[in-house]
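Asks: Those protein sequences? They're chains X and S, same order as listed.
Number 238 in the numbering used here belongs to position 238 of the first sequence; there are no gaps in the numbering.
Heads up: take any position in the second sequence, counting from 1, add 391, and you land on the numbering used here.
Don't take every hint at face value.
To be verified - Quick list of the computed label-pair ranges, beta carbon to beta carbon:
| hint | chain 1 | residue 1 | chain 2 | residue 2 | range |
| --- | --- | --- | --- | --- | --- |
| 1 | S | M545 | X | L23 | 37 to 45 angstroms |
| 2 | S | M545 | X | T86 | 53 to 61 angstroms |
| 3 | S | M545 | X | L38 | 17 to 25 angstroms |
| 4 | S | A481 | X | E236 | 52 to 60 angstroms |
| 5 | X | R40 | S | V544 | 19 to 27 angstroms |
| 6 | S | G439 | X | Q308 | 36 to 44 angstroms |
| 7 | S | I453 | X | P233 | 37 to 45 angstroms |
| 8 | S | V544 | X | A299 | 46 to 54 angstroms |
Unchecked claim - With a straight-line cut-off of 25 angstroms between C-alpha atoms, the simulated SDA-like cross-links for lysine to any residue are:
| hint | chain 1 | residue 1 | chain 2 | residue 2 |
| --- | --- | --- | --- | --- |
| 9 | S | K538 | X | I343 |
| 10 | X | K339 | S | E532 |
| 11 | X | K388 | S | P533 |
| 12 | X | K339 | S | G537 |
| 13 | X | K388 | S | E532 |
| 14 | X | K339 | S | M540 |
| 15 | X | K339 | S | A432 |
| 16 | S | K538 | X | S59 |
| 17 | X | K388 | S | A535 |
| 18 | X | K66 | S | E532 |
| 19 | S | K538 | X | R60 |
| 20 | X | K66 | X | R383 |
| 21 | X | K68 | S | G534 |
| 22 | X | K127 | S | I431 |
| 23 | X | K339 | S | P533 |
| 24 | X | K127 | S | G421 |
| 25 | X | K339 | S | D434 |
| 26 | X | K339 | S | G470 |
| 27 | X | K68 | S | P533 |
| 28 | X | K68 | S | E532 |
Since the hints were derived computationally from the structure, they do not count as laboratory data.
Glycine included, C-beta positions come from ideal geometry on N, C-alpha and C.
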Amino acid sequence: MTLEELAASLGFPSFVPLFAVALALALVVGLIILVPILLRVIEIANYAYSNSRIQVMSSRIIPEEKLKEMIEASSLAEVVAALEPTDYSPYLHEMMEERSEAIERALNRHTADSYREVATMVPMNLKSVLAVLLRKWDVYNIKLILRGVYAERSPDEIRADLVPVGELAPSKIGELAEARSLEELVSNLDGTPYSRLAESLQLFDQTRNLTVLEARLDNILYEDAWKDMTSKPLDENLLALKNYLATNIDVVNLKLLFRAKKDGLTAGSIESYLVKGGGLQESLIKSILEVDTVDNVVAALEGTKYYQPVLGAVPEYESTGSVLPIELALDGYLVRVGKNISITQPFGIGPAIGYLSMKEMEIRNVRTLARGIEAGLSPDEIRNLIMKVGT
Amino acid sequence: MDISTGVALAAVGAGISMGAAAIGSGIGVGIAGAAGAGAIAEDPGKFGTALVFQALPQTQGIYGFLGAVLIMIGTGILGGFAAFESAATALAGVMDTTPENAALIMGLAAVGGGLSVGLAGLSAIGQGITAAGSIGAVSKEPGAFGKCMVLTVMSETFAVFGLLITILILVGLNLLGA
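The shape of chain X in the complex, shown without the other chains (with noise of 0.2 angstroms):
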């Protein structure tokens, strides 16, 4: 049969029309195939240009060789030094003051500015995301203007050590720094999702312990933040800001259980201010309230991923008797988790993540140090207080 032949069966007058009429139909089919991974591509482009850079700026975080290096520093000046040729450069001019207060507030800035750059530059779709995180930045912000207030420290002093970053407008968070009293800071944060606030002033009156008001706003925060995870269709992006965000919450929980038992509050104490949701059952958090010992936290977490991070410290919180290490060996596990997000998700929320808590994780550990040494601890005391990437 010859291809006339073949078109004439076919109903066609020649070859020609029907090879057109076969061409048509598999460009259609064509784009139907083609069309859904085109868009997976499209979207994928969109996080080249961002997650490129944010890869390039996490080749710039302090490695822990230099940390270490940093660590036997003699003197504040020779830790401004060794910031030199690193990321902190631009602010180095701050802490030539030599006071550990200084240095933290460039490092204030470095924070903000670091978030602000990346929420600059993440496509549009992950700004929403994003802000969740700088959410934290809000909380962090209220938490030093209650101290401060409580405290009475001028105006001036608490806005210097804000962290100028978060979703509440900078002019916002100024008009909160002015409050001469804990009632009207609290009054002032209505029209924001802290103005609940207000539900526990009556406890703070009774027990004067911030405390209340500060573990309130964690509440807040990571409630609201939880809620919001749950309550909506996710896409790949809020699916790993969901995992980072259950684990910070199992985190929050777990360092104030673990404190807590080490001070051997009881359960009834402990358990309104713990955050609901995160990765951990509700049974379990319930059953670690009543045990009565660190040793035993440790035991009840078994089969879960924090046990590992959690008993590779038990043998440090032995000899010091300090819960620190455990809370540092948390807090490294977290960003662990933020790092591996970053790797398994290259082209999406991934990097962003990875780098803010590693980015975090650089600057507590250069205020640690900054702290450390004017206060004059040896570096084998400074170590033991730096945070290191859990495994």
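Chain S: place on chain X using the hints.
Replies: Leaving out everything else, chain S in the frame of chain X:
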């Protein structure tokens, strides 16, 4: 002897060869280029690394161009139709059909060849994505250059296979070297 339909089909094949491969390379190079721009924005010293990885998805476009040129030479679009006519006559003898029908078959074969190298050229999209990831990875860890290069080059295999099949089709139907 009317070979016009066969030649027209061959022209379609050449067009698909270059066009589809160019889409693949264009998207691949674009994605890798965006990643390269991101890296350079933070560190202009990364230009060399970015350029190397961005160049890799371009090869599919070159294969598509090569496939198209081979089809056009084989079917006489470049260089005259005498060779195509004689090849069609020879094929007609082998297949026991008319030279016109043989020319049509050869034109269709050229479309097949064009589709092979053209569609295989879409592998440049995947290569561009790997190249973009590699630019980020190498920017962070320069020691990973070799390994990232190996990963990125992997997609090339399919483009080479596509070109190979195109050449085999053209040779098999006596369109090359007739």
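Asks: For each hint given before, does the structure comply? Return the numbers of the non-compliant ones in rising order.
Replies: 1, 2 and 26
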